[in-house]
Amino acid sequence: MKALSIVFAGTPEFSVPALEALLDSRHQVVAVYTQPDRPAGRGRRLAMSPVKQCALRHGLPVEQPGSLRDPAAVQDLARRAADLMVVAAYGLILPPAVLALPRLGCVNIHASLLPRWRGAAPIQRAILAGDQVSGVTIMQMDAGLDTGPMLLERRCPIELRDTAATLHDRLAALGADAIVQAVDALAIGTAQARPQPETDVTYAAKLRKEEALIDWSVSACQIDRQVRAFNPWPIAETRWEGRQLRIWEAYCEDVPTMTGAMGGTMAVPGRVMAADAMGLRVATGRGMLRVTQVQIAGRKVQPAADFVNAYRLEGVVLGT
Numbered sequence: 001m002k003a004l005s006i007v008f009a010g011t012p013e014f015s016v017p018a019l020e021a022l023l024d025s026r027h028q029v030v031a032v033y034t035q036p037d038r039p040a041g042r043g044r045r046l047a048m049s050p051v052k053q054c055a056l057r058h059g060l061p062v063e064q065p066g067s068l069r070d071p072a073a074v075q076d077l078a079r080r081a082a083d084l085m086v087v088a089a090y091g092l093i094l095p096p097a098v099l100a101l102p103r104l105g106c107v108n109i110h111a112s113l114l115p116r117w118r119g120a121a122p123i124q125r126a127i128l129a130g131d132q133v134s135g136v137t138i139m140q141m142d143a144g145l146d147t148g149p150m151l152l153e154r155r156c157p158i159e160l161r162d163t164a165a166t167l168h169d170r171l172a173a174l175g176a177d178a179i180v181q182a183v184d185a186l187a188i189g190t191a192q193a194r195p196q197p198e199t200d201v202t203y204a205a206k207l208r209k210e211e212a213l214i215d216w217s218v219s220a221c222q223i224d225r226q227v228r229a230f231n232p233w234p235i236a237e238t239r240w241e242g243r244q245l246r247i248w249e250a251y252c253e254d255v256p257t258m259t260g261a262m263g264g265t266m267a268v269p270g271r272v273m274a275a276d277a278m279g280l281r282v283a284t285g286r287g288m289l290r291v292t293q294v295q296i297a298g299r300k301v302q303p304a305a306d307f308v309n310a311y312r313l314e315g316v317v318l319g320t
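Throughout the sequence shown, residue numbering follows the UniProt record's numbering, covering 1 to 320 in sequence.
Hints are computed from structural coordinates only; laboratory data are not their basis. We put the CB at the ideal spot given by N, CA and C, even for glycine. One or more of the hints may lead you astray.
[Claimed, not checked] Taking lysine to aspartate or glutamate and the EDC-like style, the derived pairs with C-alpha atoms no more than 20 Å apart in a straight line are:
| no. | residue 1 | residue 2 |
| --- | --- | --- |
| 1 | Lys300 | Glu249 |
| 2 | Lys300 | Glu241 |
| 3 | Lys2 | Glu241 |
| 4 | Lys2 | Asp177 |
| 5 | Lys206 | Asp131 |
| 6 | Lys209 | Asp184 |
| 7 | Lys206 | Glu13 |
| 8 | Lys2 | Asp37 |
[As the list claims (entries may be wrong)] Between beta-carbon pairs, the in silico distance windows are:
| no. | residue 1 | residue 2 | range |
| --- | --- | --- | --- |
| 9 | Ala143 | Asn309 | 50 to 60 Å |
| 10 | Ser67 | Pro39 | 33 to 43 Å |
| 11 | Met278 | Arg45 | 34 to 44 Å |
| 12 | Val201 | Gly59 | 34 to 44 Å |
| 13 | Thr320 | Pro157 | 56 to 66 Å |
| 14 | Gln132 | Val218 | 45 to 55 Å |
| 15 | Ala185 | Val133 | 20 to 30 Å |
| 16 | Pro157 | Asp70 | 52 to 62 Å |
Using the sequences plus the hints, can you model the full thing?
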């Protein structure tokens with residue numbers, strides 16, 4: 001098998017396993033493209049992306065153009081004369097001039113089973129929607145938004161307690177394995193691209209921080225999915241005595257919520273029906289939500305059982 005020369009483009013932690021897998025393969029990564037260093041942390045100091053850190057550990061050339069529409073960036077990429085460009089959560093748009101440069105084109109590792117969840121946040125949107133299965137798709141890139149023909153798919157169940165963080169890690173590992181298989185097939189000429197179905201297309205819009213605010217009038221199961229989908233960012237939250245209360249972990253108790261008296265307290269959505277060693281039991285539009293990990297603004301995450309030892313919560317209506 002002929003070894004391919006590859007330019008790798010990626011930025012976040014999701015991309016790192018794929019880069020490392022390619023470095024362990026017979027193929028040669030000739031350069032790494034990643035987004036420019038960004039301010040991070042309380043000190044707002046410039047921080048390198050996880051991909052840049054990985055590339056530097058391996059002594060790889062790193063390029064960080066602000067845009068690939070810059071003619072100088074395109075010329076630099078052309079000088080690499082790569083057979084293939086592998087993209088994994090890079091975060092910059094590849095214009096047609098870049099897509100046409102590598103001999104075998106550009107392929108992308110996308111964290112969904114296309115055409116479901118094209119776009120920026122496929123992992124979180126899959127959990128929010130209650131999907132039972134996810135996966136990765138290796139696709140040949142074109143000028144559209146995740147619309148190119150598919151080279152390879154790998155499926156992965158979404159477990160009942162999966163968060164965006166746990167599903168992210170499994171899909172990153174799955175994508176790393178799949179990209180090596182796809183690149184090997186491209187190298188020997190056996191890769192067969194097939195068009196995406198034109199039906200059942202969904203779009204995974206970028207997450208907005210406002211989506212983290214809990215609406216207690218919806219079902220406990222919907223809120224449970226919201227809590228899991230927004231962990232580790234932006235973290236589902238509610239209001240408590242005018243303060244931000246983040247909910248890091250919760251699960252639904254699928255029992256009817258009475259709108260009348262329950263233990264002498266009205267079970268209106270958001271009301272804390274019990275606060276004990278098991279955490280907070282909160283009424284919703286349907287069912288009860290058991291909250292097990294919380295965080296007050298400016299404090300560390302703590303078990304809800306510890307939180308209720310410090311504050312009187314029973315009977316309080318959250319979200320007000």
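Structure-based check of all given hints:
no.	hint	result
1	Lys300 to Glu249	holds (14 Å)
2	Lys300 to Glu241	holds (18 Å)
3	Lys2 to Glu241	violated (65 Å)
4	Lys2 to Asp177	holds (19 Å)
5	Lys206 to Asp131	holds (18 Å)
6	Lys209 to Asp184	violated (40 Å)
7	Lys206 to Glu13	holds (17 Å)
8	Lys2 to Asp37	violated (35 Å)
9	Ala143 to Asn309: 50 to 60 Å	holds (57 Å)
10	Ser67 to Pro39: 33 to 43 Å	violated (19 Å)
11	Met278 to Arg45: 34 to 44 Å	holds (41 Å)
12	Val201 to Gly59: 34 to 44 Å	holds (42 Å)
13	Thr320 to Pro157: 56 to 66 Å	violated (38 Å)
14	Gln132 to Val218: 45 to 55 Å	violated (20 Å)
15	Ala185 to Val133: 20 to 30 Å	holds (24 Å)
16	Pro157 to Asp70: 52 to 62 Å	violated (42 Å)
Comparing the model with each earlier hint shows violations of hints 3, 6, 8, 10, 13, 14, 16; every other hint is respected.
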